[in-house]
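Chains as they are written, first to last, in our numbering: chain A, 1 to 404; chain B, 405 to 808.
Everything labelled a hint here was simulated from the structure, so no lab data went into it. Glycine is no exception: its CB is placed at the ideal position from the N, C-alpha and C atoms. Hints may contain errors.
Stated by the list, open to error - Below are the BS3-like pairs computed for lysine-lysine, each with C-alpha atoms no more than 27 Å apart in a straight line:
1. A/K346 <-> B/K415
2. A/K34 <-> B/K409
3. B/K409 <-> B/K421
4. B/K615 <-> A/K34
5. B/K409 <-> A/K5
6. B/K764 <-> A/K34
7. B/K615 <-> B/K586
8. B/K415 <-> A/K182
9. B/K764 <-> B/K412
10. A/K96 <-> B/K805
11. A/K346 <-> B/K805
12. B/K412 <-> A/K182
13. A/K200 <-> B/K409
14. A/K200 <-> B/K586
15. A/K346 <-> B/K764
16. B/K421 <-> A/K346
17. B/K772 <-> A/K368
18. B/K805 <-> A/K182
19. B/K409 <-> A/K197
20. B/K412 <-> A/K197
21. A/K346 <-> B/K412
22. B/K409 <-> A/K170
Said to hold, decoys possible - Examples of chain A residues lying across from chain B (beta carbon under 7 Å, computed):
23. V60
24. T65
25. G69
26. R235
There are 2 protein chains.
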Amino acid sequence: MDRFKLYKQLKQHSDDKIVFLVLDGLGGLPRNGKTELETASTPAMDGLVAECEAGLMVPVLRGITPGSGPGHLALFGYDPLEYAIGRGILSALGVKFPIRDGDLAARVNFASLDENGNVTDRRAGRIPDDVNRAMCEKIRSIKLEGVEFFIETEKDHRAALIFRGLGGRKFSEAVSETDPQKTGVPTLPSRPLDESKEAKETADLINRFFKEVKACLKNESPANGILLRGFALYRQIPSFSEVYGLNACAIAGYPMYRGLASLVGMEVIETESGVESQFAKLREVWDDYDFFFVHIKYTDSFGEDGNFEAKVSVIEEVDRNLSAVLELNPEVLIITADHSTPASYKAHSWHPIPLLLKSKWCRSSGIKSFGEQALLHGSLGIINSIDLMGLAMAHSGKLQKYGA
Amino acid sequence: MDRFKLYKQLKQHSDDKIVFLVLDGLGGLPRNGKTELETASTPAMDGLVAECEAGLMVPVLRGITPGSGPGHLALFGYDPLEYAIGRGILSALGVKFPIRDGDLAARVNFASLDENGNVTDRRAGRIPDDVNRAMCEKIRSIKLEGVEFFIETEKDHRAALIFRGLGGRKFSEAVSETDPQKTGVPTLPSRPLDESKEAKETADLINRFFKEVKACLKNESPANGILLRGFALYRQIPSFSEVYGLNACAIAGYPMYRGLASLVGMEVIETESGVESQFAKLREVWDDYDFFFVHIKYTDSFGEDGNFEAKVSVIEEVDRNLSAVLELNPEVLIITADHSTPASYKAHSWHPIPLLLKSKWCRSSGIKSFGEQALLHGSLGIINSIDLMGLAMAHSGKLQKYGA
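Work out the full structure, taking the sequences as your base and the hints as a guide.
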């Protein structure tokens with residue numbers, strides 16, 4: 001019996017509501033003996049933690065640093081080693097493209113090329129969104145035999161590209177990227193990365209498409225070329241409602257997290273990015289769903305910038321506004337992260353993630369502050385992220401007993 | 405996606421060096437409330453542990469006592485339930501025999517037999533190595549149809565035997581041993597342990613070989629017979645360099661651990677057994693490798709002898725000399741064991757193993773002494789040995805992020 005089969009078999013309805021408050025990259029490393037979370041003044045969370053279950057989570061495996069995709073999939077209970085979601089798919093989902101089984105997606109960078117075809121700017125001077133949209137519109141005039149394609153503006157110089165096979169044509173994601181990752185050199189041709197017929201045909205298609213785009217944009221400036229990365233095939237995965245029976249929504253400001261949420265079948269709510277506005281949105285849609293994924297981005301951004309103080313201040317901002325969430329009386333409130341992003345490390349890391357779970361069915365955590373050091377002694381110990389959804393379901397009365 | 409596939413996909417080069425300092429059988433049981441490690445005066449390790457990540461490790465599964473093979477394979481990240489390495493293979497590797505896929509290896513004891521073929525001494529009076537070598541030389545004159553064989557002196561009365569099939573001939577390891585495990589009785593014939601043709605043919609071969617050896621040694625004394633144990637087929641396993649991209653060496657004084665190291669593709673460095681000499685050897689080869697497995701044997705030996713004080717004093721000797729390792733500034737230093745060997749238990753045991761991991765990317769362990777009791781509260785909690793390599797790779801910057 002696999003995990004999803006078990007959840008599907010045991011799930012039952014309850015009116016209880018579950019809030020996942022995800023502070024992206026929350027986990028940290030100590031500076032003068034204290035991590036970002038331990039440094040932040042968090043009276044609201046510290047008050048909660050004593051009455052809650054609490055602990056730490058390993059997102060994938062010990063030592064494995066997750067990208068946002070695996071980090072969130074694990075939080076949502078999807079084994080990140082089984083459900084590998086390529087970057088191109090996240091881009092397509094991020095622009096709300098209605099992707100289908102078998103589609104091949106990629107990330108597009110508009111770029112500047114010189115007369116010899118060498119890349120002079122990998123971001124085409126970060127063109128504004130309306131220029132991006134105009135370039136996409138031009139590219140849509142291209143015809144490719146046997147293939148339908150879609151190109152959609154993301155933001156600045158970025159767009160999402162989707163190929164759809166006609167007449168049963170199949171693609172492969174085992175093809176190399178065309179982005180040379182530096183300037184002063186030509187774009188790379190895509191090459192098949194395995195021996196399959198599909199990989200060869202897909203690489204040919206990409207190279208043909210690139211040639212057509214170059215011809216189509218040859219008189220444009222600065223965006224007269226494209227770079228393609230993150231080729232990924234879309235395969236449908238079980239939805240949140242199918243696995244858990246939850247009517248879930250996502251309150252996330254950034255396209256990638258919206259993409260991840262829609263991948264698992266959550267409704268994506270239009271929102272500004274920002275603690276106050278996202279919490280206000282939560283209140284607004286409170287009656288319409290029973291699961292709420294609230295994604296706070298800036299803890300991670302400041303971690304990646306190496307800005308310890310700014311990361312601390314985002315944590316404090318969440319803490320100051322937490323009453324807005326608590327006033328809604330969610331039966332289950334979880335405060336956690338998708339992975340750690342220590343400011344000293346300036347990148348995602350493998351270190352376990354802080355976790356707090358509030359419900360009326362909690363043992364007391366036995367600790368008094370919400371910080372990595374204290375959480376080591378919390379009631380949940382160190383669990384795997386993939387186990388969190390089971391706990392959320394149990395604490396909200398949404399799982400029946402297993403077996404007689 | 406399995407663990408090795410994941411490591412292979414994510415591995416990247418860094419100049420960081422990793423030291424695995426393995427105190428064989430380090431874990432213990434309390435006497436007057438303190439284990440061997442807790443009793444030992446270890447100011448160096450206690451000083452380290454406060455600034456390190458620390459915890460305990462389960463080598464195989466809770467309750468499973470590993471032999472040296474599974475204990476070390478797990479430390480090296482190889483699932484010991486998947487990669488079962490027979491004792492015969494370890495003997496062959498221990499004498500640096502260039503074993504090949506499909507070879508069948510066994511341990512040999514030279515023994516004394518009386519005129520009726522009954523065993524009178526299972527170790528032939530522990531013959532000196534040069535007598536052992538002379539016997540091996542005699543045995544090499546035997547011819548077996550369809551099979552090549554090799555016999556190599558180990559030490560005292562022990563040797564390694566390897567059969568190699570000619571013309572595609574296949575062996576089975578499902579055959580019984582010929583050692584009766586007591587004196588006054590004849591050696592046992594080998595029997596097939598399953599219904600396969602290979603098992604029957606292999607048992608026949610072993611019995612034929614035994615008869616030839618008996619004839620060949622009939623005028624010798626005291627070693628006029630052999631006992632065969634630990635039949636094992638060799639199957640190549642992924643190398644350390646293939647899985648982790650590491651250029652690894654082993655500084656181990658004892659053949660079995662050298663065999664284990666060479667099994668996973670480590671370079672085996674010639675060294676005397678002894679803390680000071682092994683640490684000096686580490687310094688000598690420091691520039692040539694990026695992973696160093698330093699194996700200290702005597703903690704285990706004294707544990708098996710039931711000599712609590714002597715085990716304590718080996719731990720103290722390592723601690724006194726630890727500065728020789730720290731002066732090399734390894735980016736990652738791990739101090740741990742392959743399994744526990746409590747002096748009171750006088751044998752390997754299943755109890756979790758002490759673990760300390762030093763790098764610049766550590767959360768503080770929150771503890772102040774390196775001992776089983778304190779380690780329960782360490783930052784790593786209780787992990788599986790098989791997870792350690794992932795942590796070592798992460799802390800040394802040798803693993804890329806997983807997924808976008």
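How the hints compare with the structure:
This hinted pair checks out: A/K346 and B/K415 have alpha carbons roughly 19 Å apart, not beyond 27 Å. A distance of roughly 36 Å separates the Cα atoms of A/K34 and B/K409; the hinted pair therefore is violated under the 27 Å criterion. For the given pair, B/K409 sits about 23 Å from B/K421 by alpha-carbon distance, which is consistent with the 27 Å threshold. A hinted pair counts as satisfied when its Cα atoms are at most 27 Å apart, and B/K615 with A/K34 does not qualify at roughly 72 Å.
The straight-line distance between the Cα atoms of B/K409 and A/K5 is roughly 26 Å, inside the 27 Å bound, and the hint therefore holds. The suggested pairing of B/K764 with A/K34 holds, with an alpha-carbon distance near 15 Å, which does not exceed 27 Å. For the hint pairing B/K615 with B/K586, the CA-to-CA distance comes to about 20 Å; that is within 27 Å, so the pair holds. With a C-alpha separation of about 22 Å, the suggested pair B/K415 and A/K182 falls inside the 27 Å cut-off, and the hint holds.
A threshold of 27 Å between alpha carbons decides the hint, and for B/K764 with B/K412 the separation of about 24 Å falls inside it, so the pair holds. For the proposed pair A/K96 and B/K805, the alpha carbon gap of about 26 Å is at most 27 Å, so the pair holds. The hinted pair formed by A/K346 and B/K805 meets the criterion: a straight-line CA distance of about 13 Å does not exceed 27 Å. Between B/K412 and A/K182, the direct Cα distance comes to roughly 25 Å. Compliance with the 27 Å bound is thereby established for this hinted pair.
With a CA separation close to 24 Å, the supplied pair A/K200 and B/K409 stays within the 27 Å bound. Proximity of A/K200 to B/K586 is assessed by CA-CA distance (about 66 Å); at most 27 Å being required, the pair is judged violated. Taken as a hint, the A/K346 and B/K764 pair is honoured in the structure, with Cα atoms around 14 Å apart against an allowance of 27 Å. For the hint pairing B/K421 with A/K346, the CA-to-CA distance comes to about 21 Å; that is within 27 Å, so the pair holds.
With a CA separation close to 21 Å, the supplied pair B/K772 and A/K368 stays within the 27 Å bound. Pair hint B/K805 plus A/K182 holds up; C-alpha atoms about 21 Å apart against a cutoff of 27 Å. Distance hint between B/K409 and A/K197 is fulfilled; the C-alpha atoms sit about 24 Å from each other, no more than 27 Å. As the CA atoms of B/K412 and A/K197 are separated by approximately 25 Å, the hinted pair is consistent with the 27 Å bound.
Between A/K346 and B/K412 the alpha-carbon distance is near 24 Å, which keeps this suggested pair within the 27 Å criterion. Between B/K409 and A/K170, the direct Cα distance comes to roughly 25 Å. Compliance with the 27 Å bound is thereby established for this hinted pair. Contact between A/V60 and chain B, as hinted, is supported at the beta carbon level, the nearest pair being about 6 Å apart and thus within 7 Å. Restraint check, A/T65 versus chain B: the minimum CB separation of about 5 Å is within 7 Å; hint holds.
Satisfaction of the interface hint for A/G69 is found here, the shortest Cβ-Cβ separation to chain B being roughly 4 Å, below the 7 Å cut-off. Interface hint status for A/R235: violated, as the beta-carbon distance to the closest one in chain B is roughly 14 Å, over 7 Å.
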